[in-house]
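Novice: Sequences are here, hints too, so could you generate the full structure?
From first to last, the protein sequence lines stand for chains A and B. In the numbering used here, each residue's number is its place in the first sequence (first place is 1) plus 123. In the numbering used here, each residue's number is its place in the second sequence (first place is 1) plus 1.
Please keep in mind that the hints were generated in silico from the structure rather than gathered at the bench. Mixed in with the good hints, there may be bad ones.
Reference excerpt, derived from the structure (chain B facing chain A, CB under 7 Å, subset only) [as the list claims (entries may be wrong)]:
(1) Gly43
(2) Leu44
(3) Phe46
(4) Tyr49
(5) Leu92
(6) Pro101
(7) Tyr102
(8) Glu103
(9) Phe106
(10) Pro108
(11) Gly109
Ideal Cβ placement from N, Cα and C applies to all residues, glycine included.
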Amino acid sequence: QKEVEQNSGPLSVPEGAIASLNCTYSDRGSQSFFWYRQYSGKSPELIMFIYSNGDKEDGRFTAQLNKASQYVSLLIRDSQPSDSATYLCAVNGTGGSYIPTFGRGTSLIVHP
Amino acid sequence: GAGVSQSPSNKVTEKGKDVELRCDPISGHTALYWYRQSLGQGLEFLIYFQGNSAPDKSGLPSDRFSAERTGGSVSTLTIQRTQQEDSAVYLCASSLALAPYEQYFGPGTRLTVT
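Specialist: Here it is, written out as structure tokens:
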């Protein structure tokens, strides 16, 4: 059973701070990792993906991957109240499966 | 361009009735996924279609659930003899065949079984 674990939160940070969201996964064969943002009452939206060890930056967002330790992180710099949402981590299927496994998500609250 | 569309946006039905939920994927996306999300829960995979291949039905919770995809485009998820535990938001997502994990989600159908 593939597992993707996230702290449900809520993670509360002040506006302008760095928000750090973490995700661990159980399947060592996983190769692709995704972060989706889901606003309350809305559907998930893909915001970042990472395939290689290290960091990938896109604007205020940085995804970090450490395959040896089996974790992936999402950093949000200069957090804004509009970043308040649930962030879902997803990991690709392995063994020929195209079914991703999603974590339950971390709720982020950015307060002014 | 147009995103993934789903209909209806809300559906209230009585226990024991059948319901049909529709998904219209992004044009050119050959992969289509159905998920459901209960309040405060993660995404539960239901079924996956890729082109003309046989669908992966491994996530369907019971034989009351079925889905079809006509012409490689529009998909319909059918729930027969609905139960209260079927109440959830049903989400459809589509993707390109070469990027199956870069999924684009529709707005969802909120199903309430009374």
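Novice: Hint by hint, where does the structure go against what was stated? Just the numbers, ascending.
Specialist: none
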